[in-house]
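Asks: With these hints in hand, go ahead and build the complete structure from the sequences.
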Amino acid sequence: MCAVWRTGMIDSLRAAFVVSVSRDETPLQAPQTWLGLMLIVCVSMSAGFFVSRGGARRSFWILGLGFLTAAVASLLASRFLKIDILFAPQALGAISSVVIVQLYRLWRIDSLLTDRLNKTSQNLIQATVAPARLSNALKLLQTVLPLDEAVVFQPNDLGELVPCAQLRATAGGALEAGRNSLWRVLVQLCDRALQTNEIALAPAGEIGSLETAAIPLSHEGRTVGVLLLRLRESFDQSDRRLLTAVGGQIARNVQREEARKKKLDGNLPAFVSARTSSYRLHAFDYLSGVMTEQKFGAQVLADASDAYALAYLDGTVAYMNPAMNAAAQIRPEEAENVDLFGLLDRFKSGVFDQPAIAVRRVLQSGQPYERELKFPEQNQTLELRISLASETSSANGNRNGSDQDSRPLCFSIRVRDVTRMKEFEQLKSDMISLMSHELRTPLTSINGFSELLAIDDKIPEESREFVQIIANESQRMSRMIDTFLSVTQLERSDKKEVVHIPVCLDEVARDAVTTMQSIAKRKRIRLVEQANGTIPPVAADKSLITQALIKLLDNAIRYSPERTTVTVSTALEAETVRVIVEDRGYGVPAESIDRIWEKFYRVTRDGQEKDEESTGLGLAFIKEVIEQHGGSVTVDSEVGRGSRFSFALPRL
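Just so you know, the working numbering puts 440 at position 440 of the sequence shown, and the rest follows in order with no gaps.
A hint or two may mislead.
[As the list claims (entries may be wrong)] List of simulated lysine to aspartate or glutamate pairs, EDC-like, C-alpha gap at most 16 Å:
#1 Lys542 x Asp511
#2 Lys139 x Glu372
#3 Lys374 x Asp353
#4 Lys523 x Asp554
#5 Lys348 x Glu372
#6 Lys422 x Glu383
[Stated by the list, open to error] Pair by pair, the computed Cβ-Cβ distance ranges are:
#7 Glu423 x Tyr319: 24 to 32 Å
#8 Arg407 x Thr576: 21 to 29 Å
#9 Val635 x Gln364: 35 to 43 Å
#10 Phe375 x Gln195: 50 to 58 Å
#11 Met421 x Asp636: 35 to 43 Å
#12 Tyr104 x Ile83: 16 to 24 Å
#13 Ala304 x Arg331: 44 to 52 Å
Just so you know, the hints here were simulated from the structure itself, not pulled from any lab data.
These numbers come from a predicted model, not from an experiment.
Positions of the beta carbon are idealized from the N, C-alpha and C atoms, including for glycine.
Replies: This is the structure we're talking about:
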């Protein structure tokens, strides 16, 4: 800037900040050359110092105020003192210094960011990870879809689609890139999917004898390639969500491969180099993919007693805790080479002989797959659970997200050793069966002999009353044993005797009312059914649901005064069907509402003793039955005005 000033290149600009003098006035005096150079250098260095220390934004006000002050001072000095303070070269020097310092700061930040991106990406990327992941993803699709061939395309530097991974279901007949007319037509279909960013379909007969689907591979709004699938069967629209999710995983794998191949060049900053900017974009895409995968779920605690494993949608096992290694009998050095199906194959048994079917069911329905696996040779029983972790709209604060809006993230596999628990349950069951048998035998004798004694005319009236009490109490104990065994049987984890079939609850209500009508008439209670012919069926065990409803009606009749009405009705709710039993009986006190579903709990009404006829197991039985069917029970009651018991079951 000093040289520019001395050569006179900025004289026109310099004249704009001084007051012109007439010919007869004293000309403006300029500082000596050495002094002018020192002023320009000092002002330039000061401006650069402010920017380097405080940044351009914070220094803007100081430099702007200094610029205005110096401009005014230049005009005043030239007008009254006839002195040129060299404002123009000083201002240009300051501006040049600010620009140079700011560019230097940006270059340093850019270089640091480039180095860190290089280190981070290179530390996370392994040379063989991305290609192996692409192959695993295609194998997973081949397992769950009727694939004949699958190809992953990626645009090259010229924008042309080239294959980067390919899988053929059967040997022979594979397409040859560039030499097959069918191949070129398939590439055109992929180009269309890439341009529209939507799945492109070609039915069988349009392009060859197979149905073809081209799925764009997108992650974080950027499409990085296309997945071409040639199907032996028609494309199932229910697989669209699955393909979109797996396509996102493959897109992350493609970005990982791009980041592995391209290393950032730190010689030129990104804001002046398109090449550096492009490479940095690849690195950011890769890191974004890593962050996406890492938020799929927290790692299972290493010291958990249960065996846990996480697997991505490309079939790669992300994590296994030591308990899983032990349960699957996998050595630590083998764990890195085990994929999803390799892990599940370790648990094959009679009821779990095709892991691919279980995985497909989980992917399509989103519901967990649970089985008990028995291994008699090891005297071991394992509980296997395969579930799909999904990201729903509730993650963004919307709690009303549906399953259709969820996006599958990864598989979660849990294996629990339940051998000892099953042994305890079997021991408990055997003991209960033994005790019930040992109790039934004397009770049968007591009840039979007491009935014989009760009809004997030779027994005095007072003794006959005692004999009748013995008979009644033995019958009550027999009923208690029956109900207790029913509740215990329901609480067992192996509920194989329960068969879920479509059941109309109106029919169940009608059968229960018919069964209890005679009992209601004996107590002079009107039993009314209010059917709703429009309700859909539910999946349930009709016998168990009928027993539960009969017990509700029995309670309503027992605790209702004569000449009152007990009503049974059904109602359709959002996702459930509700059965309601309403009476005008004594009601349940508020302090007992939360405890009436407990086993052996009996309600005490004011001024009365507990009902000795009640076993305290009826409502516990009802609750077990309904919850076993995935439903819920509720009660609303007011003392002296009646009760409203109901249960709801999921509709079909």
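Asks: Checking each numbered hint in turn, tell me which of them this model violates, lowest number first.
Replies: Numbers 2, 12 and 13 - these are the hints that the structure violates, sorted from lowest upward.
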